[in-house]
Amino acid sequence: MSDFRALRAKIAAIETSGRPDAGVLPFGDARIDGCLPGGGLPLGRWHEVCADGMETETAAAPTAFTALMAAPLARQGEVVWVLRRDDLWAPGLAGLGFPAERLIQVCARDEAEALSVMEDALATVGVAAVVGEVEACDLTAGRRLQLACEKRRATGFVIHRRPYGGAAKRDATGSAAATRWRVSSAPSEPSAGEFGLGAPRFSVALERCRGGRTGAWLLEAAQAYDSGAYDLEMTDVAHPLRLVADLGDRQLAPAQPIRLAG
Amino acid sequence: MALAPELVTAEAEPEADAAALAALADWCVRFSPAVAIDAPDGLFLDVTGVDHLWGGEPALLADFRKRLAANGLPFRCAIADTPGAAWALAHYGEAHFGKESAIAPPGGQGELLSPLRPAALRFDQATWAQVERLGIRQVGQLLSIPRGPFARRFGRAAMTRVDQALGRETEALTFRRPPSAWFARLAFAEPISAPEDMARVAHDVAAQLCARLDAKGLGARRFEILFHRVDGQAAPVEVGLALPGRDAARIGKLFAPKLEAIDPGFGIEVVTITAEGVEPISGRQARLDAGRETTVEEGLAPLVDRLMNRLGEDRVWRAQPVESHVPELAVGRAKPLSSPLAKSSARDSQEARPWNPATPRPARLFRRPEPVDMVLAITPDDPPSQFRWRGQTHRVRRAEGPERIGEEWWKGAIEDADVGHVRDYYRVEDANGGRFWLFRAGLYGDPDVPPKWWLHGVFG
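Residue numbers (my numbering), protein chains in the order written: chain P, 1 to 262; chain V, 1001 to 1460.
These are computed hints drawn from the structure, not numbers from a lab. Remember, predicted model here, so these are calculated numbers, not experimental data. Any given hint could be a false lead.
[Unchecked claim] Here are some chain P residues pointing at chain V (derived, C-beta under 10 Å): (1) A9; (2) A12; (3) C35; (4) D86; (5) A90; (6) G92; (7) A112; (8) A121; (9) A222; (10) D226.
Built from N, CA and C at the ideal position, the CB exists for glycine as well.
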C-alpha cells in the first residue's frame, strides 16, 4: 500500500513538472469537491468548457459559467479574456458578480493567434486567469497552454466556441486539460411568491477530470443580479455557484429501462 | 529669348517645390532631429548638441555638403548661433566667404554680419525700401545706429529682425518634427541590409537612448526608429508602450517583428531613434525578473505592449462604463492600463457610474440585434409567449419586463425625435432554460406598421 502511495506521489510530481501545487478552488460542496482532485477546481492548470447545439456558437451558458468560476480568481489579479468576436458584454458579467474592472479583453484575428495570446497572458505576472474562445485545441497547443500555466500558476479556461456559425468541430479526444465541463442553461426556479425569472441555473457535466471522477450537477448563480455589490476587498466569500441538485445518476442511466425486443 | 536662345524655360511648380523641400527636410533628420522649413527654398537645422557626433561643426558641415553634392542639389549653408545670422550668412555671405561655408564662432555673428548687405536681415518690403533710400549699404552701418532712433525710423519689426540675428531675442522656428532631446543615432562604416543586423542595430540604438533615459530616471511611451537608406529614403518604424519604459531589450523585441516590413534597398547607413512622451518613472521597472516585488502594472505592461503592437491598438481594451441607458452605448473602451474603474474614482463626478449589477444584462450582446419572427404576444405590453430565432422556435416559460428604453432624442435633430422610438426589453426563459433578451421596437397603434421584435443578447 505504501508503494502504491509513493508511486502516486511520483506520478503527481511528474505531472506537475516538479513545481509546487498551485492549490485548488473549492466549490464549497462535498458532492462536487469530492469528484475533483485535491477537493476543488485545480488552479495553475487549464480547463475546457464546452456546450451543445446553438450554444457552440453563442456560447452564452459557457460564458456565464466561466465568468462565475473565474470571479473568485479575479480577486487575486487580472483576467484576460481572448475573443474572436467581440460580443462579450461587460455589464452582463458585472451582473453575474464578476468584477469587470479586472477584465482585459483581447480580440484575436484567428485561432492560432488566440492560442498564442492565451499562452502569453498566462505567463504574465499579475494575471490570475485567462479565458480563451477557440474552436479546438489540439494536443500540442494544450500542452503549451499547460506549460504556460505552470510558469506563474495562472489558471486557464478554454471555451470551445465556433466564432462564425456552423456546427462545432469534433472535440479533440486527447487533451492536456485538467477538466472538461459541458454546460447548458437550465430552467430557473424563482422563489415562492416571486414573478419572473429566478437566479440563473446551469446543468453542468464534468466529463473529464484528471485524477478525479466525473459527475453532473445542477448549479445556481445565487448572487447574480444582486444589488449588494461585490467587494473586491472581501476575501472569505462563498463560491458564486451553489449546488442545487445532483444530476449524475439520472443523466447517465436511461430514464426508462430498455426493453429488449423478442 | 532672343538674347539667349539656349535658355531652357520651365513652368513654376510651387507645390512640387514645396514637396521636394519637405522630402529634403525629412532626409535632414539624419543630421538633427529638429528641422524647420523656411519656404520657399530654405531649411533650418538645429544642430545644438548634435555636432559632436561628427566630431565638431566643420566635420558636420563637410559631411552635409558632401551628401547634398552627391545628390546633385545646389546649395549654400552656414552655421551660426541664431537662425537669423545663419540665414544671412547662407544667403549673402558668398561675396565674402566664397564657396566655403561660413561657420560663425559662438557670439561672433555680429562681426561676420557687418560687411553684408542690409537685405541679409530679412526685412520686409517697406523697411528694405527705407534702408535703400537712406543709402545704407552694409549691415554694420545699421548696427551702429542707436536703438532708439533705429526703432523710430524703421519700426519695431525691423528692430526685432536685428535682435534675432544677433541673438538678443529668441526666434521661434516651426520645426517639422518637434525637437526632441531624446534622440540617438548610429552610423555604420558599411551599409547593412540583413534582417538580423537590422534587429541588432534597433536594439543597439535603443540601448544608447535608454541608457540616457535611465541616467535621468525617465521613461518614454513611444519610440520611433528611422532607417536611413543609401538612396536617401528613410523608413520609420514606431512602437508604443502602455506605460513609459526604458528597457532596451524589451523595446528591441517590440521592434523586431516590425522590421520585416522594412525594405533596406541597397543598404542602410544610419539609424536614428527618438523617444516621445518622456516622463519620470520609478527605477524599479528595469528589473522585471524581481518576481514578487513587481506591482501588477509592471507585470502587465509588457504583455499589453506586446499585444497592442502585434494585434493593433484597438484590439486590446478594458470595458469602461458610459453614462447612457441605450445598451449598445453603455460600454466604452479604455486603455487596458488606464486607471481601472476603482471605487474611489467612481465617486469622482467626472467618471461615469459603473453599471448597476441589479439590472439583469446579457453576457453576450449582439452588435446588431437579430430579427425574430413568429412572435406571439398579447398587445400592448405582454412578453412574447413564443418566438422563432435562427429557425428554432422557443416557447417562453418565464418572462420579465417590459423595461422601456427610449432613444437619446437630445443627441439628434429635434424633428427626428418621436415618442414611438422606444424599445421594450423583455428577459425571457424558454422551456429548455435558454435565457434571451428580446425587445419590441416601437409601440402598437398604427395597424399598417406593426412593431418589430428583435433579439439583442443572450444571458446563458
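Where does the structure disagree with the numbered hints, that is, which hint numbers, in rising order? Hint check: 1, 2, 3, 7 and 9 fail, others pass.
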